[in-house]
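Trainee: Heads up: the sequence shown runs through residues 1 to 257, numbered per the UniProt record's numbering.
Derived by calculation from the structure, the hints in this document are not laboratory data. From the three backbone atoms N, C-alpha and C, an ideal C-beta is built for every residue, glycine too. Check before you lean on any hint, since a few could be wrong.
Beta-carbon label-pair distances, calculated as ranges [as the list claims (entries may be wrong)]: (1) Asp137 x Arg157: 35 to 41 Å; (2) Phe191 x Cys80: 26 to 32 Å; (3) Phe191 x Pro132: 21 to 27 Å.
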Amino acid sequence: MPHAPEQLRQQQLQLASHLRDPARHAAPAGLEDRRLAIYRSLFFNNIEALLAGNFPVIRKTLGEAGWQQLVRAFYADYRCHTPLFTEIGREFIQFLQQRGEQQPAPDPEWLAELAHYEWVELALQISDEPTPAHDPDGDLLAGTPLLSPTAWALAYRWPVQQIGPDFQPTQAPAAPTLLLVRRDADYRIHFAAISALVYRLLELLGEDQRSGRELLEQLATEAASEDLASFVRDGGAMLEQLRQQGTLLGTDDRSSA
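Start from the sequences, fold in the hints, and give me the full structure.
Mentor: Written as structure tokens, this is what we have:
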């Protein structure tokens, strides 16, 4: 039967389409609906439970009906590009970012950002980014401060850390929400609000292989500071504070290798 493999493939694709969206796609002929119902429930519930664990605030905020509708849309329409369960949350964020206003009832504008904010905790907990060579006691002004790979500076249009069932804003504030999220040695995740200056400093630390003094001098220029010496002194104290909390590892050994 030369056409058997292709026929089997078509049956599998038809079954997959039916399990994703039974309202739009009929099941392959000859399959008992009672048995199909078991698979429809099993597959969807596995995805729903996984996403509910990743995005508990979104689930509570949208309510059960809204949450189920959103997950069903993801399950039916989005094509994931990874076989890893730990990456499904990232795929869900991409799904929300792509949805836009195409559906009859547009998502809240803050939804994709809130999803990213919730996902960050899991992403940092499972991150296996290697720690680069560094001097934990290096001079942060003379040397190149090294940002920890498990410390992320985040910027959002919406106050994501405040959104929930009792607070669902309809207009983004004028100032962005700037956060530092980091994982400590015990794998605990810490979130903290940061100023625009600290956010910009962390941004520069992630981009440049310059000394801490050079980075602070650039930041002073950007901030139009009239007292460079005081700015660098205070900035040096901030760098040291960031090292003590684990956001900075120390200085980069690679720059002197």
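Trainee: Of the numbered hints stated earlier in the document, which are not met by this structure?
Mentor: The structure conflicts with no hint, since it agrees with every one listed earlier.
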